[in-house]
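Asker: Residues per chain are reported as follows:
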Amino acid sequence: MSNPLATIVSAGVSKFGVREGLYARELFAEAASEAFRECPNLSPRKEIDGLFVGQMSECYEHQAHTAPMVADWAGLLPKPAYRTEAACASSGVAMRCAIFAIQSGMHDIVLVGGVEKMTNRPTATVTEYLGMASDYPFEQWHGITFPGIFAMMATAHMAKYGTTEEQLAKVAVKNHENGILNPKAHLQKKITVSDVLSSRPVASPLKLYDCSLISDGASCIILTNPKLAKKLTDTPVDIVGSGQAQDTLGLFERDEITAMNVTKLAAKQAYDMAKVDAKHIDVAEVHDCFTIAEIMAYEALGFCRQGTGGKLIDEDATKIGGKIPVNTSGGLKSKGHPVGATGTAQACEIYLQLTGQARERQVKGAEIGLTQNIGGSASTAVVQIYRRGD
Amino acid sequence: MSAAQAPTIENFYRFCTERKLMGVACGECKKVSVPPRSLCPHCGSNEMNWTELPGKGKLVTYTVIHVSPAQFQELSPYAVGIVEFEKGARLPGMIRDIKPEDLEIGMELGIDFETTVPAEWPRWPRYFFRKP
Chain A
1 MSNPLATIVS AGVSKFGVRE GLYARELFAE AASEAFRECP NLSPRKEIDG LFVGQMSECY
61 EHQAHTAPMV ADWAGLLPKP AYRTEAACAS SGVAMRCAIF AIQSGMHDIV LVGGVEKMTN
121 RPTATVTEYL GMASDYPFEQ WHGITFPGIF AMMATAHMAK YGTTEEQLAK VAVKNHENGI
181 LNPKAHLQKK ITVSDVLSSR PVASPLKLYD CSLISDGASC IILTNPKLAK KLTDTPVDIV
241 GSGQAQDTLG LFERDEITAM NVTKLAAKQA YDMAKVDAKH IDVAEVHDCF TIAEIMAYEA
301 LGFCRQGTGG KLIDEDATKI GGKIPVNTSG GLKSKGHPVG ATGTAQACEI YLQLTGQARE
361 RQVKGAEIGL TQNIGGSAST AVVQIYRRGD
Chain B
1 MSAAQAPTIE NFYRFCTERK LMGVACGECK KVSVPPRSLC PHCGSNEMNW TELPGKGKLV
61 TYTVIHVSPA QFQELSPYAV GIVEFEKGAR LPGMIRDIKP EDLEIGMELG IDFETTVPAE
121 WPRWPRYFFR KP
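These protein sequences, in sequence, are chains A and B.
Numbering-wise (the numbering used here), the first sequence opens with residue 1 and increments by one.
Numbering-wise (the numbering used here), the second sequence opens with residue 1 and increments by one.
The hints are simulated quantities; they were obtained by calculation from the structure and are not laboratory data.
C-beta: ideal position from N, C-alpha, C; glycine also.
Mixed in with the good hints, there may be bad ones.
Computed list of lysine-lysine pairs in DSSO-like fashion (alpha-carbon distance at most 27 Å, straight line) [what the hints assert, rightly or not]:
1. Lys31/B <-> Lys264/A
2. Lys364/A <-> Lys275/A
3. Lys189/A <-> Lys364/A
4. Lys160/A <-> Lys58/B
Derived CB-CB ranges, DEER-like [claimed, not checked]:
5. Pro54/B <-> Lys364/A: 55 to 63 Å
6. Gly321/A <-> Glu10/B: 49 to 57 Å
7. Val193/A <-> Glu104/B: 24 to 32 Å
8. Ser2/B <-> Glu20/A: 55 to 63 Å
9. Cys59/A <-> Ser45/B: 35 to 43 Å
10. Val18/A <-> Lys87/B: 41 to 49 Å
Working from the sequences, and respecting the hints, build out all of it.
Answerer: So, in structure tokens, the structure goes:
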């Protein structure tokens, strides 16, 4: 196994959900406070020397220039603050940038997080804002929504591989079961396959319960180099592999829409860097913005062969206690999907799992974890691999 | 509109007002791209020339959208899909006048053009798909 790229010494997540009366900056402060509290050996105001934040949209709060704003609310002024935008992969990309900063030596200890405030707008408006991450003159202009884009992937995947609506529904049922065990999750609600199948159509074959939640929330990790990490915590988590790849903005411009090639490319970079492969992964958080996206992630990450993602969920392999537990946090489906916060929220869950702090949803003996965060119709994919530190 | 026009998205939609579906063919690698662009995504060449695409293609995938943005709510539910006109030349758009249960991957669809010009950007009529 390779040397760490950077090391996580703490993590914090706000409660995800409908957080009425709270601004994005206030949610970010909630997450940052938890990360600071969980790292008592660190003096955040003195020792944190930079902040990276992922946030998708200015539209929800009519607020741009949000990096200094969250730095202020986290008590980190006048330290440099950087914002990244890659739709739903905004904070996955922020993590990559933070890794570069640590690797270069330009920063020693940084706060890396993400935030989105979404529920203050009606669903049709949120649908439009999220759709801004698709191609304007060819997709948005023709009434194609984000659920519509993933629905087109689902239609093609079902036709090519025989994936069924029941198999998609099982992803939702599993992730809701996990979300019940996560007090930070937006929903703690058990659902059945028939609940999913009878929920109202959003974009066929996807129904309401195939879709992730519109949520408010923030998440962050404290990232440093392995040497400083030893002084700050006895339970570090090393990032040992990181990969990123891009694809066309529009789904229609790709030859292949039933395989998430961009995830395959990012995963290959991360696996090669970490010197591990799919069979070594003990626990994974993948980007289940829609149930079909989790099935396609299984295949692209190598948890099963191309086209057999539906079979993997049928075998219960991705449940807690299964061969490769996926989305123990509840995933975007049940934990919620405040889009900018999702990438680092995935890292927070893996941090908890690898440090043995995941309570009822703990994967026993987990040592190596993986996160897969995608933006838009998978125009961006970020895959990171984590190892329990010494 | 003439073939001398720059290979831009705006000019693509201008051609639509003349009921023409236009892509660009690379002078180097010969591959066809749509939307048009000045730099070939396959080989990097700058030699991109307009080429008219066939008005018929095959349905690659589709969905029926029930939850839509505000400006499309009057049409909801409506079908959209991706149609391949020739290798590498695909477009997404609305599918009109076909019952959802009759949609099938691989079916032949034709392209048609709206005659009304919307007031918003890009101020060009939309194309859409229908039975050929």
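Asker: For every hint, state whether the structure bears it out.
Answerer: Results for each hint:
With a C-alpha separation of about 25 Å, the suggested pairing of Lys31/B with Lys264/A holds against the 27 Å cut-off. Taken as a hint, the Lys364/A and Lys275/A pair is honoured in the structure, with Cα atoms around 23 Å apart against an allowance of 27 Å. Of the pairs offered as hints, the one joining Lys189/A and Lys364/A holds, with about 24 Å between alpha carbons and a cut-off of 27 Å not exceeded. In summary, the hint linking Lys160/A to Lys58/B is supported, as the alpha carbons are separated by about 16 Å, within the 27 Å threshold.
For the pair Pro54/B and Lys364/A, the supplied restraint of 55 to 63 Å holds, since their beta-carbon distance comes to about 59 Å. Separated by about 56 Å at the C-beta atoms, Gly321/A and Glu10/B satisfy the suggested range of 49 to 57 Å. Taking 24 to 32 Å as the suggested C-beta distance range, the pair Val193/A and Glu104/B conforms, at roughly 26 Å. Checking the proposed 55 to 63 Å range against Ser2/B and Glu20/A shows it holds: the Cβ atoms sit about 57 Å from each other.
Restraint check, Cys59/A to Ser45/B: a C-beta distance of roughly 38 Å satisfies the suggested window 35 to 43 Å. Checked against the hint of 41 to 49 Å, the pair Val18/A and Lys87/B passes, with Cβ atoms roughly 47 Å apart.
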